[in-house]
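Enquirer: Please model the complete structure; the sequences and the hints are all you need to start from.
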Amino acid sequence: MALLEIEGLEVYYGSINALKGISFNVEQGEIIALIGANGAGKTTTLHTITGLIRAKQGTIRLAGKDITKSPAHKTVAMGMAHVPEGRRVFAQLSVYENLMLGAYTRKDKAEIAETLEHVYERFPRLKERRRQSAGTLSGGEQQMLAMGRALMSKPSIILMDEPSMGLSPLYVSEIFDIITEINKTGTTVLLVEQNAKKALSIANRAYVLETGKIVLSGNASELMNNEQVKKAYLGE
Amino acid sequence: MLSFISYLTSGLSLGSIYALIALGYTMVYGIAKMLNFAHGDIIMVGGYAAFIAMSTSWCPVWLALIISVTVCTVLGVVIEKVAYRPLRSAPPLAVLITAIGVSYLLQNIALLTQTATPKTFKSVAAGAPPFMIVYEGEPPLFFTRLSDSPYKNLTPALTVSMETFLSITVSIVIMVGLTLFINKTKAGKAMLACAEDRGAAQLMGINVNGTISLTFAIGSALAAVAAVLMCSAYPQLTPYTGSMPGIRAFVAAVFGGIGSIPGAMIGGILLGIIELLSKAYISSQISDAILFLVLIVVLIIRPTGIMGKKINEKV
Ligand SMILES: Nc1ncnc2c1ncn2[C@@H]1O[C@H](COP(=O)(O)OP(=O)(O)OP(=O)(O)O)[C@@H](O)[C@H]1O
Ligand SMILES: [Mg+2]
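Chains as they are written, first to last, in my numbering: chain A, 1 to 236; chain B, 1 to 315.
Rather than coming from a laboratory, the hints here were simulated on the basis of the structure. Note that the Cβ used here is the ideal one computed from N, Cα and C, for glycine as well. Accuracy of the hints is not assured; some may be wrong.
To be verified - Here are a few chain A residues that sit away from chain B, every Cβ distance over 12 Å (derived from the structure):
1. A37
2. N38
3. G64
4. T68
5. F123
6. T180
7. T187
8. N204
9. T211
10. N219
11. E227
To be verified - Label-pair ranges, simulated between beta-carbon atoms:
12. R130/A x T169/B: 34 to 42 Å
13. N38/A x G101/B: 19 to 27 Å
14. S283/B x S133/A: 43 to 51 Å
Expert: This is the structure:
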């Protein structure tokens, strides 16, 4: 049984058919990349999985449990965290307050403090700036905060929507290193990226989304050598 | 000088009542992103609830206050659930019109059940001595009845009533409590998160509908307290009692920066003081005009209000 199973997902915005029946799965411990051009439906897919948007058709199962109709605030407690597109940190709140909101569904204070220490270890810059309001952080730091915030819920799977968007090349490499590290400590990752090259270089498998449909899938290394992928997404 | 202090304390007391009402406006605006124009009428309902409770022979003042707060809290939550929640993703104008509709509905229900005849509200401090009396050239007397005062043949230069004192202290206690609640508790942090980004708040596991309900509950409870304080100081109760204070408190919220909690407090208090002072020294007829003039000037200088935050652009 896969950790996350998506079957025949169809999503509409009014009359716009954004997802036209997509199916894929994510196994425990994998990094799965979901790549595709602007407007392909990547963000829609993630939003539907976490429950910010309702699917018209199809099922979503997390660890075998049907979560198709679970609203977003319930999926977090089931072990799914989501790093949204554009980071969406709480700009008026401090770095520390943002991180603690990430642990909103958890009760045990001691365990939360422990996770906070881990997050601070992984992102020392967040520790330095813990009292600063999140809005004053740089784009890269905000991305780290968004990731740290997601880790605070101690997720079994983490959904990331274009974490490298708008970052300088140096930061991009750092972010991808961190994703690999997060995965090594046992967290499954579903990664949406425009930077297909980087995404495929760290992923186990990948799916290619085009206007609401999955048109290609396979091992990341295979896809990297696929002519179609090379032309459309790797700019070769 | 003493008369100025007297106007100032009355203004402060009226202003703290406005602040309590403005808090309801500003919190609902900040978190639910809507202008709840029925908020003023919740005050009126709170007034009637307390009035009806107190007109029975067995109901003590504290119980009347609890009844009023309970009625308003439930009413606020129910209104949100029935009238506003179904419009969560509707255009703001539709929500605004619904709120105006709810306002008329509440007024008309009050007209039907309580009639338009003004009721005389019995002050919660009825029978209590004034908080402070000052005679010219003498130290102030606290909690002393006029009849018990050693200078009872003289006319006091300044009297601060128990109602005035209660309004100010109760409001201060509530504002401190609310500030602590918002900044120190998990539910308060959830409110701040929802105010900034509802979607992201949901991704943290925050139940947005629940948080909005809580916001309406708190705002309406504050309105009930404001109702009892206000009706004690200005004892005429009619189905329209809530509309003027409601509008003034809305102005106060805008004045302080709508969405900002300290802003609503400061805006409310300033508004009360401006109203009283302009009534006393300029003209009671044009005090509302002066109020709006000040508002316009403030908004020209600071379009987001005194404590208003800069509007954040989403990435
Ligand atoms: N709220 C919305 N209302 C209407 N249409 C929408 C909405 N959100 C997305 N869409 C449409 O759905 C389609 C998929 O959008 P989505 O945001 O999922 O794409 P994406 O793959 O994440 O793109 P990008 O790489 O630009 O982030 C697009 O055609 C978009 O215009
Ligand atoms: Mg997207």
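Enquirer: Far enough from chain B: is every CB of that chain over 12 Å from the CB of T187/A?
Expert: Non-interface label on T187/A holds, nearest chain B Cβ at 16 Å vs cutoff 12 Å.
Enquirer: Since T180/A was said not to touch the interface, does its Cβ keep a gap of more than 12 Å from each Cβ of chain B?
Expert: Label holds. Min Cβ-Cβ 23 Å, cutoff 12 Å.
Enquirer: Is N38/A truly not at the interface, in the sense that its beta carbon sits beyond 12 Å from all beta carbons of chain B?
Expert: holds (16 Å)
Enquirer: Is the Cβ of T211/A farther than 12 Å from every Cβ of chain B?
Expert: Given a closest Cβ separation of 24 Å, the condition holds.
Enquirer: Taking the CB of N38/A and the CB of G101/B, does the distance hold inside 19 to 27 Å?
Expert: violated (42 Å)
Enquirer: Can we trust that E227/A is non-interface, i.e. its beta-carbon lies farther than 12 Å from all of chain B?
Expert: holds (35 Å)
Enquirer: Confirm or reject the statement that N204/A sits farther than 12 Å, beta carbon to beta carbon, from all of chain B.
Expert: holds (25 Å)
Enquirer: Verify that the Cβ of A37/A lies farther than 12 Å from every Cβ atom of chain B, and report whether the claim holds or is violated.
Expert: holds (20 Å)
Enquirer: Within 34 to 42 Å or not, the Cβ separation of R130/A and T169/B?
Expert: Roughly 37 Å apart at Cβ, these two residues keep to the hinted range, so it holds.
Enquirer: Per the stated criterion, does the least C-beta distance between T68/A and chain B lie above 12 Å, as a non-interface residue requires?
Expert: Given that every Cβ of chain B is farther than 12 Å from that of T68/A, nearest at about 16 Å, it holds.
Enquirer: According to the definition I'm using, a residue is off the interface if its beta carbon is farther than 12 Å from all beta carbons of the partner; does N219/A meet that for chain B?
Expert: The claim stands: N219/A keeps its Cβ more than 12 Å from every Cβ of chain B (closest is about 30 Å).
Enquirer: Beyond 12 Å from every chain B Cβ: check whether that's true for G64/A.
Expert: Answer for G64/A: holds, closest chain B Cβ roughly 21 Å.
Checked against the numbered hints above, the structure breaks only hint 13 and satisfies the rest.
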